[in-house]
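Chains as they are written, first to last, in my numbering: chain A, 2 to 226; chain B, 556 to 1212.
Just so you know, these hints were derived from the structure itself, not from any lab.
As the structure is a computational prediction, the values presented were derived from the model and not from experiment.
A few of these clues could be false.
Claimed, not checked - Computed list of lysine to any residue pairs in SDA-like fashion (alpha-carbon distance at most 25 Å, straight line): (1) Lys1163/B with Ile221/A; (2) Lys723/B with Asp121/A; (3) Lys812/B with Ser769/B; (4) Lys1163/B with Leu91/A; (5) Lys723/B with Leu149/A.
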Amino acid sequence: MTTLSPAARRVFCFRTRLHSLFGVLLVISMAALPARGQTPAASPQEAFPSLRIGASGGMVFRESGMPGWSPGADGRLTIDTPYAGGRLRLDTAYRAWTGSSEILAIVDRDGGTGQVSPPDVQTIDILAGWGLSNAPDAPIFLEAGLLLGNRFMLFDLPHGTAARFESEMLAGPWIRVGRIAGPVRLFGEVRALRVLTNPRWDTIGLSGGIAVEFATPGWIRWILR
Amino acid sequence: MRHCFGIALMSIVFVASQVHAQVGENAPEEALPSWSPWTMTASEIQSTGAVRFSELIRMMPALETWSSDRYTHRIVGMGLGGLHPDPIDITLDGLSLPAFLLDRVLTESLPVSPGDLDELTFTPGLTMAGPARKTNVTIALRTPMRSGWHLSGAFAVINETGDPGPAKHTDARANNVDRSGPATWVRTGWGNKRWMIQAGVNTDLHHLTDERISGRVRGTYAEDVQPVITQFAPFVRIRHEGDGLRFQAMGGQSRRKDFIYHESAGQEWPARLRREWAASLLEKNSSFALMSFRADASRISLSERPSFIELPSPLLIEDASVEGSLEKRLSGIAFRLAVGARRWMIDQEGKHFEQFTPTASTEISRTGQTWSSKVFVQLSRLADDAWQPNTYSWLANASVTNSGVKGSISLRLAGTQGHFPEPGHLMTWNRAEVSLGDWMPTRAVPASSSAPRSLEFGLLGRRLLSGSWHGWAHAHIRLFEGHTLADRVIDQRFGIGPLLPEWQWSSGHSGWLFSRAAGIERLEPGDITWRAFFQFYHVSSQGDDAFFRHQTGFPRHRLQVMASDTRPGGVRWMTRLGYASAWTWPEYREPARRVIPADIIAEITIGKTLFSGVADALVSVLNIPDRPLGNHPAGVEEQLAIRLTLSVAPVSRSQDK
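Bound-form chain B, shown alone (with noise of 0.2 Å):
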């Protein structure tokens, strides 16, 4: 099978360079234009009304999320992850930021609101790249450069029905459903088109309240108040965009109360976490070649909250990383070479875990007037690891497509092979020997005897229909052997309460998964933007049986609309409708598994620009249908409820580049 994956994707490589002899002599270095459709531009991620970049993720179709407290996520590209969530590389303005711990994204602490952006792309790909850094699945976020002084900022309240007000006092059994802000960001500073610096802060309140959770809060958490999760997230950040020379540096901090959830706990971890982080990017484009250099660096701190059981001792996470690189145009072709390292280090009370991992990588492109291509193979080394020292890793992917007046095709394939998991990983925790108390016992990391891969293979294709309308198709294809997987089993025989599952580490499982989706898309400026799309998936674990229930809980058919509108009169609305399949979790024993129902999505938000464009006020109307919604078995569910936002942007962003 591993010289199957390589045969293949040598043959890939092959097929892509002969296309770049063919058409590369002639064709000019024009950029052809980006196209995803997995985009949202400004005028959508404003007529959402979303204040939380979290909210904007849920709402992106091609990712499947879920949460235990609405606000961390857990981010599944294509529905081809299964339970552990991908380690999505989110970049802003090029600039990766990391921020990945025990599953979850921390979105959160992240120098982004949706008042910033610009647009926002997902991009799917594989995972499971280790702890270089380079995935190919990632979100990237563009904001305006600003011109002059500016001064914005957003607030949202929440509210969900079926609260049972007064009446909880009288039914010990009422659930409180709850919950509520307010979420808040501001932003200002100056800039001149050229040079840019801006201060902001994201600030969020949430009362863990919702019926899924707050039986296996209760059991954990040592306080006899309401258990809130709280954040403030300050951040500086400088930018410049100039004839040549790009450059770009930021920092902040994140504090959060909070509790921290992961399935092989199977309940809370009341915690206070706190992220220092920076990140910068250099690039100088010289007669000789565009050379860049990019760092960046975080610090996480996790300490102890009242609680009724043990909790892990107090824990520093470090990760640091660097790369330059080199890159030099010759006859159409751009030849990229670069070279980095990361160091990811924990540490919990004296007792010290630390990777450092140097990596090179090279990547060949070629974009002309009608076909581009690409091929990228980057190498990893796993030094000072006392389990597997001088283990190597590599990650490769092609991809070729072309592009006309009527549209475009996209071939691609991609392949990993390593033995190390994401750094952030549960996995990597357990090898590190960290002591978890009793919210999880540590479980003993198996040594492979092979290096786990996985292979993708995708395919995208879209054409114009007629006058402004695109009809689009993708097919996306993922094989996994050789993987190691949380073999679980959940046993919640009371309902409500810690979900204590028994599990261990089992590794050598394969499987593929295949998904497909079609959709339709009119983007006219100054027009109704629509976007239409069906997905649906097929999951093959050949008989294995720990690989089908890793891989299960997410795969299922999605139907989903979208429109949204401003109007000339400042106007400005959105609306989703869409279907997702019912499905069973096959982690969970009876009772607890339970065919969870096909989801039904409606939401409106209809908004008005206030005060000559200075403000916006918007009412959110979601999951009109009133039923629950649920993405996991101990997730949020989710009710009717209204979201009441009020965004101030004194100076227009009319005047950004």
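Excised from the complex, chain A in its bound form (with noise of 0.2 Å):
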């Protein structure tokens, strides 16, 4: 029978943690979308009728596979448009890591050690998804939906550096609640994003910010179309 460590079994009861959390932020997903039937056929004359921006401000309160690096405060652009019986969104956010001041031991490729103070860490990510919403004249509103994207990494390394830049694939659910006021809305929203790194990079995060709706422009339906 293969036995942990202490510390394996913290990082091995995290990670079961953390995926357990996904699930069940993946069930009330799938738990928030209203029936079939209970979505009101979207004719052609309300295609992509209005758009709402929002800005929000957040942090990381559970981070997983990166222990090298402290999640700072991120700030958060939100664009989402009526499409589908949903909402289809495209969401930017930018967060600062700060590399771990303490020396970390690392091995190298022919089994030697040697230390290393891991260089800072900007990173965008540049979303796209689609979700669904309970009524939309409701005081209170619930939504939840998919994203899909890519995470860009800058290090704080010189120019020229091999490497200094990186990208790789982050999706995940999302969870929003709020309150309704005219065409502002007020909300928070809890997000779980999974980076396709190896070791994956997991990340649930809280965010609180503000929205305003508005009547799509011509020119932007257009496009849209």
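Could you use the hints to bring the two separately framed chains together as a complex?
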């Protein structure tokens, strides 16, 4: 029988919890979807009737995969519009990660060991996705969906250094809940993202912000159509 | 054995002639609809989301390809070519565009992108036809005649998962497996369905960070920046399709920063590759005969990049060929006579080597309502070769096809015999005594007492099963005798880094290969296109160890299913599922010699037309099983990847012919 060291067991348990949380978020996302018959059929005249632009700030409260870095606060910008019975969403987020100040031991290809201080890294996520929302005229709104995109990473290294820039795919579910006051919405959001690096890089973040909804300008509607 | 080849070939030619005599008298002169199981239609091509021509070649079911940088492919047709890839003849609307360098097909330098194509067809056949550049193995590309002004282009990025991300700064063992773009192409021009002019450019960018090659690249490339392959390939083209006159001319340039890999070197050659090329075709159909004239020329210059090793001195390679032909139809039988010549030259710091090859060929063909047949014979003479003056080679093939409402059957026999390999082949470089520096020691080519011979027999049948479903079967056997091969043993003790093969040229090798395939397909316009096939191989070296080690890398059993569709609302999708059996590379000693596990292929592409048909956005998920796929011990490994493609075409293809 394989026995795990306490440190390994903590990592294992943390990852198991993280995976469970992903599952819970996914189930909640699915549960938030209205039944097929409840979705109002969108006629061609109603396509892309409005745009919603939101700005928010957030923080990571669970992270695994990259123990050498500490996440800072992030800033997000979101644009979404009704589409295909739900909402089409484009999302971008910026976050700075601070490299660990402690010197880490590393293992190189030949099995030798060395020491390194990991560089700071700035990440920009560009995501697109789709989600469902409850009745649009309710005072409290609940939305859930999935996002897929790319994380661009810029390491704090001199120009010309090999691998100063990296990018990797990421995906995950999100849930947003908030209060509607006319065209303005105040909201909070939980988002779980998995970056498909090796090792996997998982984060669960909380954010809060404000969004404004307005009629889609004609030229934007033409482009969207 | 030589006599057997000759007798067998003459027998088939005789049989084919008899078929002509039996069916030729009253048969109407209607062209039979062409069909091949190895075709991709415009709808299928557009549904793939591919932006690079090489991505399409990788998906062709009858081709086995591998690449050390993903975008420059060794191509082997039907698994019958062994480790030496075929000098495949790529034709664009009937015009041959040779682009072969050191066993690689320079697909990225061709004026072709998937967005250009109406159809892509691979025809398997015999290779090693020598410097006359007439092979039976072709990839034929067909593009539409444009109407009005047109402007189109595409952009794609591919991200492969499994990159360590920040973790690479704390674990030096972590390998970076990203691949990236952008790969782009742009076309603009004008046409009126009879005339068309076009200008275009293809560009590409790729980071060489794959685990299998990064160690080798770092061992030779002496710059502290990420090793990147860049490609820039502009071209211009003019085309005319009129009554009785057909004309095409095109030319272009391709500039590439590259890392050239060859098995006999075992490491990358950091090089700048510059290729200028031009090709033209003129066909005039007069009351007397169909006259045609074809010419092409290309020049490749290879120069150095920063390196830790002594690289080959700058090289200049020139290749040019011309051919004129007359085709006359008498009593329903078409007779074609052609004469041509090819000049190939390689120069290294004033040291000059040249081959000149005049060629004559004849073709007799008959196309009827149910029967069609063709006999082709070509004779080439290699002149001005210091090693083998006045050497002759021949290439011949004969085919008979019977087509009916419910199906068709086709028999084909081909043979070739000649002393000399394709000039782009490493053997010719070695004959020219090109110094390749520390990249690869030059090996003397042994004088061969007898010319190598190859004979091939193929049988292809197709039958309507029910509705719009067709079934097909294909058998393909190839015999080799007296071939000169690279007898290599690769001792890769350290896992990562230069492979440093021990090798020499070795002549007189024989054996045979047998490929069988069966498939079904459904090609109903407006409905889902289905293609499925199973292919399996047999290799017999008859105790010839060098032949066995040379040929065993590729033959493996393959099962593949492809489906694609374009819905009326502009949604298009394609999926490809496949399995290729496990195999080993016997050239590699332990521990590098390993059983390469079976490939499980699963890919999905889905896209949507945007802006009233002006643009397409497609998302492809490649290698869904997320397991390392490898076609070669020295080639790239693939992980789960997503490709995002955006293509724009302000002029609808429906206006094209």
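Q. If you check each hint against the structure, which ones fail?
A. none
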